[in-house]
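Enquirer: Here the protein sequences come in this chain order: A and B. Note that the first sequence ends on residue 428 in the numbering used here; no numbers are left out. Note that the second sequence ends on residue 428 in the numbering used here; no numbers are left out.
Please note that the accuracy of each hint is not assured.
Heads up, the list lumps identical chains together, so a pair's fine if it works in one copy or across two of them.
[Said to hold, decoys possible] With a cut-off of at most 30 Å between alpha-carbon atoms, the simulated DSS-like pairs for lysine-lysine come out as follows:
#, residue 1, residue 2
1, Lys342, Lys364
2, Lys342, Lys26
3, Lys46, Lys219
4, Lys89, Lys72
5, Lys364, Lys120
6, Lys26, Lys219
7, Lys21, Lys219
8, Lys126, Lys26
9, Lys26, Lys120
Worth flagging that the hints you see were computed from the coordinates, not collected in a lab.
2 protein chains.
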Amino acid sequence: MTNPIKLGIAGLGTVGIGVVKIIQQKAETLQARAGRNIEIVAVSAKSKNKDRGIDLSMYDWESDPVTLANRKDIDIFVELIGGHVGAAKNSIFAAIDNEKHIVTANKALLAHHGQQLAEKTEDKNKLLRFEAAVAGGIPVIKALTEGLAGNSLARVVGVMNGTCNYILTRMQSSGLSYDEIFKEAEALGYLEADPNLDVGGIDAGHKLALLASIGFGTKVNFEAVQLEGIGQISIDDINHAADMGFRIKLLGVAQLNGDGLEQRMSPCLVPAASPLGQLEGGTNMVMLEGDHVGQIILSGPGAGEGPTASAVMADVIDIARGVRIPTFGQQANTLRTVQSVKSNTRAPYYLRLSLSDKPGALAKVASLLGDFGISIDRMRQYAHADENAPVLIVTHTTDPQSIEKALANVPKTGVVHDKPVALRIEPL
Amino acid sequence: MTNPIKLGIAGLGTVGIGVVKIIQQKAETLQARAGRNIEIVAVSAKSKNKDRGIDLSMYDWESDPVTLANRKDIDIFVELIGGHVGAAKNSIFAAIDNEKHIVTANKALLAHHGQQLAEKTEDKNKLLRFEAAVAGGIPVIKALTEGLAGNSLARVVGVMNGTCNYILTRMQSSGLSYDEIFKEAEALGYLEADPNLDVGGIDAGHKLALLASIGFGTKVNFEAVQLEGIGQISIDDINHAADMGFRIKLLGVAQLNGDGLEQRMSPCLVPAASPLGQLEGGTNMVMLEGDHVGQIILSGPGAGEGPTASAVMADVIDIARGVRIPTFGQQANTLRTVQSVKSNTRAPYYLRLSLSDKPGALAKVASLLGDFGISIDRMRQYAHADENAPVLIVTHTTDPQSIEKALANVPKTGVVHDKPVALRIEPL
């Protein structure tokens, strides 16, 4: 296996250029590690003449990524265009038809078409790898698929969208509102063109669906992820949570319960002193809980040229070395279809209510919670300027359905203004 | 590749039994992931009749692990005996001669004979894997060898001996002395038969030497690790360090500097709020710094039946899947021999001195440090009952040689009692 392995790279944005740089700068190291040369044959991007800061003249140029995918002289099609429709999708399908290995950073495409893509690739006896699609530079796909292959997974928990974590931690450190920090993040270029992909939890939801598939041996089912973004998180909640020893994180959790597979991506409270609570800025963190290994935590940069290119190269080097592991850790046609269920895993909850400042108001709320079997761990009433008293409640462990029912009945008490805020406190 | 892969397991202690349990309990899952059945053919241990809590009657019994290694009907020899001499060594060499793949948890053997073992295995076109040898259940060998294969490593930092971290964190939480907590750890069975393997830093030093080899593409050189154990750490130092916002950890650091490879395993201060500072009890943590990926942190259980067996199984499954990666990430005969050098990487230092309570004493010490180009960041003098004042100094960043020279000249000041304590504050 001393012949070079030949790459076609589609997409020359930050990540694509990062990959080209590594291959140009580290030829000798890569050769030693892969046991053969890694060569770029051709590249493709929208604009040929854009200055990308590196010399691309030695590579063939294809204006159409599908043409690149069809080339006879490439072994691996590296898709770094992004998006689950259009050029990325068309070129990956073409590359599979042409019996190429695929390396991609495209979480959206895999979340939507992962099962089909994996089956088609495996039919051709080729590889489809996507380390860069989840948690940037952290080798979490490898850790889960290979490092923990001797385990049954109990739960996967992760902070996997750096922009959301940046916004939440910046709100806390600055005391500024969501809207102000959102604008700051936008100005810094941290947000996707469609910011809802970030702050709506969609991007992180894609990643969670991929981890869940590997972890539980189930078909990717992004549609079943319970998605809730961070747009409703107020600076008050961040401050109140901090007062009570918690941090708010956009947390992805996947686990099997008795009824089926739970996948949720939502703002949750975690203990401030826990590794997840300590996570600052754009760093990602994934916690993998296996039945034999216990709890493994991985953290690192979740995005950016170097980290994402590093992950792409890990896949390229694996393929060059001859590693042959199915996309989701077992043959795609053996992945199970499991029922997707709404979370019924018990947890304590944080509740914030705006209460009429009248005698007996608090008793009415406590009584309502009691009616649904929810008991109160801690409660705090804040000083207030107007007639509405902000009240925080941390409940004992309860089931999500009880919280939902209690909240639906809150208006009946006649003492609660505005919509109550309820955030799960994820047990870690 | 649908024929089963056949294992011979030598050593039925905690880890060996953990491996047998996983294979017995998870046959179907393992088959799905590995693409073939994983079968135990024969086992070997000292005592055949000992009750190990599981049924071993379906496996052939070999009283001599070398005989097991010589069996024609095994593909992988799983060595879980331990130690770098005797049965472990003899049986692994026999297994290689008999063209078996090797999976081992034996850090000592690899630290001493890794180069020779890897070369011999690769000559036979077989695999030698050792995920379980470093940091228990954390898939750090895989992360470094494969996940970060596109990077040049800048530095590897780790807490890789759970017993030492247990002792240090228990001293802090209990306020008890090293000797008292050492006895506690002994009673709990946390210490090796030769406790110096743990508290002398030898076990962790073995692991560091293995990570350094992969990270820097160099031949394993355990003899060159600068080893310093935790036996000299007093409860005073733990408390004083905590007062100043630090924790004391037995920290392994490997990095290339201009002159060669630095490998040191020694008690260091780290910021209390850093991930390493927060690490409690027997948990291990490794920080990998790559030129493209940045800083990746992995943590998890560093020992125990489940975690270590999980790591062994990752290697077994990799081999069953057909993964063919050289032991140290590149062919052993291409690993470089680099000069091993004493640390000359600059850092701040923590110094504790017992000073005569006389006017001008502190000035003499400050002056001495100044003579060696060491400037003082912070200083604290503690209340004292006798005539000796405990004085703490945190220096600005300086080079280790200057600290060494200054300490050698301390007696000349005539105002310092006892031997000063100097601990490096590792920049993170």
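Enquirer: So, for every hint listed, does it hold in this structure?
Expert: Hint-by-hint comparison with the structure:
With identical chains, the CA atoms of lysine 342 and lysine 364 are at most 30 Å apart within one copy only, with a shortest distance of 29 Å there and 70 Å across copies. Taking the shortest alpha-carbon separations for lysine 342 and lysine 26, only the inter-copy value of 28 Å comes in at or below 30 Å, while the best intra-copy value is 47 Å. In this homomeric assembly, lysine 46 and lysine 219 never come within 30 Å of each other (Cα to Cα): the closest approach is 33 Å inside a single copy and 45 Å across copies. Taking the shortest Cα distances, lysine 89 and lysine 72 sit within 30 Å of each other inside one copy (19 Å), while across copies they are farther apart (49 Å).
For a Cα distance limit of 30 Å, the shortest separation of lysine 364 from lysine 120 qualifies neither inside one copy, at 59 Å, nor across copies, at 77 Å. For the homomeric pair lysine 26 and lysine 219, the shortest alpha-carbon distance between copies (20 Å) is at most 30 Å, but the shortest distance inside one copy (37 Å) is not. For the identical chains of this complex, lysine 21 and lysine 219 are inter-copy neighbours only, at 28 Å across copies versus 35 Å inside a copy, given an alpha-carbon limit of 30 Å. Proximity of lysine 126 to lysine 26 under the C-alpha cut-off of 30 Å is found in both arrangements, the shortest distances being 26 Å within a copy and 27 Å between copies.
Taking identical chains as interchangeable, the C-alpha atoms of lysine 26 and lysine 120 lie at most 30 Å apart only when they sit on different chains, with a minimum of 28 Å there against 33 Å within one chain.
Checked against the numbered hints above, the structure violates hints 3 and 5; every other hint is satisfied.
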